[in-house]
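Chains V and F, in that order, give the protein sequences.
Using the working numbering, the first residue of the first sequence is number 121, and each one after it goes up by one.
Using the working numbering, the first residue of the second sequence is number 121, and each one after it goes up by one.
For the record, the hints were derived by calculation from the structure and aren't laboratory data.
Incorrect hints may appear among the rest.
To be verified - Under the rule of at most 27 Å between Cα atoms (straight-line distance), these lysine-lysine pairs were calculated in the DSSO-like manner: (1) F:K262 <-> V:K174; (2) V:K174 <-> F:K241; (3) F:K241 <-> F:K174; (4) V:K259 <-> V:K174; (5) V:K145 <-> V:K174; (6) V:K265 <-> F:K259; (7) F:K265 <-> V:K174.
Unchecked claim - A few chain F residues that don't get close to chain V, going by computed Cβ distances all over 10 Å: (8) E152; (9) I156; (10) V198; (11) A213; (12) D269; (13) E308; (14) A309; (15) L313.
Ideal placement from N, C-alpha and C gives every residue a C-beta, glycine not left out.
Protein chains: 2
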Amino acid sequence: MSSLVVYGAAYSVYVRIVRLVLEEKQADYLLEPVDIFADEGVPAGYLERHPFGKIPAIAHDGFRLYETVAITQYLDEVLPGPALMPDAPQARARVRQSIAVLDSYGYRPFVWDLFVERVRKPQEGGTSDAAVIAAGIEKSRKCLKALADLRDGDAFFFGDRPSLADCHAYPMLRYMQLAPEGAALLEEAGWPLRFLEAMDRRPSVAATRSPLEPQD
Amino acid sequence: MSSLVVYGAAYSVYVRIVRLVLEEKQADYLLEPVDIFADEGVPAGYLERHPFGKIPAIAHDGFRLYETVAITQYLDEVLPGPALMPDAPQARARVRQSIAVLDSYGYRPFVWDLFVERVRKPQEGGTSDAAVIAAGIEKSRKCLKALADLRDGDAFFFGDRPSLADCHAYPMLRYMQLAPEGAALLEEAGWPLRFLEAMDRRPSVAATRSPLEPQD
């Protein structure tokens with residue numbers, strides 16, 4: 121029996137990406153909590169697992185790995201269960217490209233400029249900055265358009281079942297949806313609503329719910 | 121005969137990464153110049169190839185692709201020539217992890233905080249900011265240490281021949297070496313000098329020389 125530990129926290133977009141992959145692969149794993157925002161800083165022991173102090177990191181039978189894009193492709197390659205990467209090189213390229221676009225151009229506006237600025241800041245006693253949100257709307261719209269041009273699926277990104285691209289996109293778009301401006305952008309684009317609805321029916325999503333989402 | 125076009129400019133770190141891969145694969149390709157810093161902005165036609173206006177983008181028999189990590193893995197998968205990814209999943213993970221570490225934690229300090237700040241700014245009539253360089257030294261040292269912990273090769277990153285990680289690291293470390301502070305850090309770490317020397321003997325490096333390097 122192999123041992124698989126994910127180090128991180130359930131609110132984290134990137135931790136959830138890795139957990140969605142594990143749930144889609146129907147793998148057993150342990151989520152080991154790491155508080156990178158502790159008053160005393162990133163726990164020293166954790167810096168041995170991730171020298172830059174980000175989450176997640178994993179350990180698989182003693183093999184230590186950090187950086188989400190390396191982790192998810194590794195897990196897809198070594199774990200049994202459905203393949204989350206297509207076989208054809210052009211299709212594989214589109215999955216990796218979508219993930220890179222999400223990381224380079226989506227994560228910041230979707231999660232920070234919309235969700236954190238509009239939803240989290242007021243919850244924590246701060247005031248939303250309208251200029252940040254306005255700029256985030258434009259950047260988000262542009263990124264959603266770029267993603268639309270890469271997708272070939274109706275609900276899922278590619279074909280009719282989830283890939284690593286879907287696992288990567290879901291946590292970001294879900295947080296974005298919690299901001300009214302984000303929800304409006306997703307509706308305007310159309311495809312993200314079909315995507316989120318399809319993902320929301322998956323056990324992987326239910327099993328990795330974020331504590332920052334509204335609790336039913 | 122297949123057609124392969126790289127859109128970009130020879131000074132660009134990321135364009136050179138893609139070209140190093142193509143040279144290592146001994147592929148024929150055309151470098152089509154794109155000036156993303158033109159007075160009138162990114163050429164409109166190019167935005168159809170890369171909606172975010174960065175370089176490089178490629179077209180391979182009509183298949184258009186942008187985002188370097190997607191491009192290099194695609195080219196390695198479809199082109200004949202030596203494989204630039206290992207076969208074993210853990211080794212593949214280390215290559216992808218090294219590339220992600222270079223992108224997330226290396227590129228900015230190596231290239232912008234050291235090379236651009238120390239070398240390019242004065243060449244263009246500006247003044248180097250000592251605080252930027254000092255911070256860049258610390259960030260670079262930390263990243264070089266993290267990379268050392270991932271490598272298993274003596275000169276090349278993994279094993280005894282180049283991988284996608286080597287193609288990714290070379291253009292960044294070469295620029296860094298042109299700043300005195302960068303050269304000192306590379307010497308301090310040790311392995312980067314062996315790496316650069318091994319790469320400097322490869323025809324791929326000679327064929328992709330940057331116009332910003334000293335001309336012999």
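Taking the hints in turn, this is what the structure says about them:
1. For the proposed pair K262 (chain F) and K174 (chain V), the alpha carbon gap of about 14 Å is at most 27 Å, so the pair holds.
2. For the suggested pair K174 (chain V) and K241 (chain F), the alpha carbons sit about 32 Å apart, so the restraint of at most 27 Å is broken.
3. Restraint check: the Cα-Cα separation between K241 (chain F) and K174 (chain F) comes to about 21 Å, which is no more than 27 Å; the hinted pair holds.
4. Using a Cα cut-off of 27 Å, the hinted pair K259 (chain V) and K174 (chain V) holds, with the two alpha carbons roughly 24 Å apart.
5. Of the pairs offered as hints, the one joining K145 (chain V) and K174 (chain V) holds, with about 24 Å between alpha carbons and a cut-off of 27 Å not exceeded.
6. For the suggested pair K265 (chain V) and K259 (chain F), the alpha carbons sit about 34 Å apart, so the restraint of at most 27 Å is broken.
7. Taking the CA atoms of K265 (chain F) and K174 (chain V), the gap is about 16 Å. The hint holds against a cut of 27 Å.
8. Its beta-carbon lying about 19 Å from the closest one in chain V, E152 (chain F) satisfies the requirement of being farther than 10 Å from that chain.
9. For I156 (chain F), the shortest C-beta to C-beta distance to chain V comes to about 15 Å, beyond the 10 Å cut-off, and the non-interface label holds.
10. For V198 (chain F), the non-interface assignment is contradicted: its Cβ lies about 5 Å from the closest Cβ of chain V, within the 10 Å cut-off.
11. Annotated as non-interface, A213 (chain F) brings its C-beta within 10 Å of a C-beta of chain V; the closest such distance is 4 Å.
12. Distance check on D269 (chain F): its Cβ comes as close as 7 Å (rounded) to a Cβ of chain V, failing to clear the 10 Å threshold; non-interface status is violated.
13. For E308 (chain F), the requirement that its beta carbon stay farther than 10 Å from each beta carbon of chain V is met, with the minimum near 17 Å.
14. Under the 10 Å C-beta cut-off, the non-interface status given to A309 (chain F) relative to chain V holds; the minimum distance is some 14 Å.
15. Interface exclusion of L313 (chain F) from chain V stands, the closest Cβ pair being 22 Å apart, more than 10 Å.
Going down the numbered hints, you'll see the structure goes against 2, 6, 10, 11 and 12, while the others check out.
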